[in-house]
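> Read off the chains here:
2 protein chains.
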Amino acid sequence: MTNNGKLYGIGVGPGDPELITIKAVNAIKRSEIIFAASSSRNTYSLAVEIARPYVDIPDSNIHMLPFPMTKNQQVAETAWQANSQRIANELRNGRTAAFLTLGDPTTYSTFGYILRSMKSVMPNAAIETIPGITSFHAASARLNRILVEAEESLLITSGAFGGDRIRQAENVDRVAVVKAYKNIKDVNNALKETGFDQDSVAVSHCGRKDEAIIHNLDQLESRHPDYWTLILGSKTE
Amino acid sequence: MTNNGKLYGIGVGPGDPELITIKAVNAIKRSEIIFAASSSRNTYSLAVEIARPYVDIPDSNIHMLPFPMTKNQQVAETAWQANSQRIANELRNGRTAAFLTLGDPTTYSTFGYILRSMKSVMPNAAIETIPGITSFHAASARLNRILVEAEESLLITSGAFGGDRIRQAENVDRVAVVKAYKNIKDVNNALKETGFDQDSVAVSHCGRKDEAIIHNLDQLESRHPDYWTLILGSKTE
Numbered sequence: 001m002t003n004n005g006k007l008y009g010i011g012v013g014p015g016d017p018e019l020i021t022i023k024a025v026n027a028i029k030r031s032e033i034i035f036a037a038s039s040s041r042n043t044y045s046l047a048v049e050i051a052r053p054y055v056d057i058p059d060s061n062i063h064m065l066p067f068p069m070t071k072n073q074q075v076a077e078t079a080w081q082a083n084s085q086r087i088a089n090e091l092r093n094g095r096t097a098a099f100l101t102l103g104d105p106t107t108y109s110t111f112g113y114i115l116r117s118m119k120s121v122m123p124n125a126a127i128e129t130i131p132g133i134t135s136f137h138a139a140s141a142r143l144n145r146i147l148v149e150a151e152e153s154l155l156i157t158s159g160a161f162g163g164d165r166i167r168q169a170e171n172v173d174r175v176a177v178v179k180a181y182k183n184i185k186d187v188n189n190a191l192k193e194t195g196f197d198q199d200s201v202a203v204s205h206c207g208r209k210d211e212a213i214i215h216n217l218d219q220l221e222s223r224h225p226d227y228w229t230l231i232l233g234s235k236t237e
Numbered sequence: 001m002t003n004n005g006k007l008y009g010i011g012v013g014p015g016d017p018e019l020i021t022i023k024a025v026n027a028i029k030r031s032e033i034i035f036a037a038s039s040s041r042n043t044y045s046l047a048v049e050i051a052r053p054y055v056d057i058p059d060s061n062i063h064m065l066p067f068p069m070t071k072n073q074q075v076a077e078t079a080w081q082a083n084s085q086r087i088a089n090e091l092r093n094g095r096t097a098a099f100l101t102l103g104d105p106t107t108y109s110t111f112g113y114i115l116r117s118m119k120s121v122m123p124n125a126a127i128e129t130i131p132g133i134t135s136f137h138a139a140s141a142r143l144n145r146i147l148v149e150a151e152e153s154l155l156i157t158s159g160a161f162g163g164d165r166i167r168q169a170e171n172v173d174r175v176a177v178v179k180a181y182k183n184i185k186d187v188n189n190a191l192k193e194t195g196f197d198q199d200s201v202a203v204s205h206c207g208r209k210d211e212a213i214i215h216n217l218d219q220l221e222s223r224h225p226d227y228w229t230l231i232l233g234s235k236t237e
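Those protein sequence lines, which keep their order, are chains C and W.
Each residue of the first sequence is one higher than the last, beginning at 1 in this note's numbering.
Each residue of the second sequence is one higher than the last, beginning at 1 in this note's numbering.
One or more hints might be untrue.
Reference listing, derived: stretches of chain C covered by chain W, where coverage requires no fewer than 3 residues with Cβ under 8 Å from a Cβ of chain W [claimed, not checked]:
{"#": "1", "stretch": "161-173"}
{"#": "2", "stretch": "214-227"}
Listed next, the in silico DSSO-like pairs over lysine-lysine satisfying Cα-Cα at most 30 Å (straight line) [unchecked claim]:
{"#": "3", "chain 1": "C", "residue 1": "K235", "chain 2": "W", "residue 2": "K185"}
{"#": "4", "chain 1": "W", "residue 1": "K209", "chain 2": "C", "residue 2": "K192"}
{"#": "5", "chain 1": "C", "residue 1": "K209", "chain 2": "W", "residue 2": "K29"}
{"#": "6", "chain 1": "C", "residue 1": "K192", "chain 2": "C", "residue 2": "K235"}
{"#": "7", "chain 1": "W", "residue 1": "K235", "chain 2": "C", "residue 2": "K119"}
{"#": "8", "chain 1": "W", "residue 1": "K209", "chain 2": "C", "residue 2": "K119"}
Because the hints were derived from the structure by calculation, they are not lab data.
Note that the Cβ used here is the ideal one computed from N, Cα and C, for glycine as well.
Please work from the sequences and hints to get the whole structure.
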């Protein structure tokens, strides 16, 4: 029996600080060190800011981990391993660590890469994942719109690589496309080709002060949507 | 300008009381009357019990609304209209009302029927939907398992009507099947036929004291799973 610490993978929700769970707040309170993914530009973490109204987090407890945006799989995996090594060092010193992530930690999240690389870096690590509200649930709620009901099925996919996953999926009633930014033109075309543009709507920065709701997806294209944009589409009605 | 009240549609999460959001707790505190869906058998509401550790809710403020489990569309719609009428009466009296639901109110939820029927019963009603953690996010977190990542797509569907929605959907990487109970044999067959039985797992009563994790779906069949059972499946690895 060792005195190893524990890692919490914590979803803080989609942006609105009130959409954090009580479990997430309690786990952050128990954590001696807070990790979050850094963008290449600065050390600001929206995930950390969401937790601040509920937990006093000294800046010295916050450590930013780099997740390079790259298509080079080896560069990415080297970074994930290094990040997991840093977390593992804390756990081996008996410390309780939290990795904060926006939305949900099992849904298109950097925490997924940590979960995977911790398996090789520290196979016996105690890890507890705490779910969070996703952007597509927040957007559906914001619009008083059903995400999925009765016998319908829903496709959750990412627009980061274009619209082909939308084109390929058949016989699904509704769709939620996260990261509808870089490849918005192809995503838009795919939604039209597959009939998912019926009753479709885009939401950007849901629950934050710069929130925007765009009902015309062609308008969305000309707005040059950013990373925080998602689309809800439907074939029904 | 009238003095109408407001309706909150509130997701209290998947069962673990800690998985309620701060926004849900605050909205329940502001509500003078609490509605929840009743089963045919009794007036117990798990959704209300989840909120009780955080909010003092007098029993006299709780009103159970019947949602008959029927394939008769007319019987169902009559009940939805009557429920919305009861809610509308409270709003017209200037009261703040909450409708509590397990999981998320836009995801296979009775609140969807309220949203729809309120449109005809009281078109100008002020309604705010507050999202909740779904069972499939809770189960993925419980298992430290990725729900969906990178360029993968995920099918969310219901097993309540059998496995055909699983069979029909093509070119999807992962699947989450809620309500995997009544038609478990057909759901199971559909998962095998489509290759989604790779790396599959069922979770029952996730985050509650009678939680069970079943890695062999054939065993799941012989256990006669109940309403609170869902399956996570994958074609990858």
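> Now, for every hint given, state plainly whether the structure supports it.
Structure-based check of all given hints:
no.	hint	result
1	161-173	holds (count 7)
2	214-227	violated (count 0)
3	C:K235 x W:K185	holds, 29 Å
4	W:K209 x C:K192	violated, 46 Å
5	C:K209 x W:K29	holds, 24 Å
6	C:K192 x C:K235	holds, 10 Å
7	W:K235 x C:K119	holds, 21 Å
8	W:K209 x C:K119	holds, 28 Å
Consistency with the previously given hints fails for numbers 2 and 4, ordered from lowest to highest.
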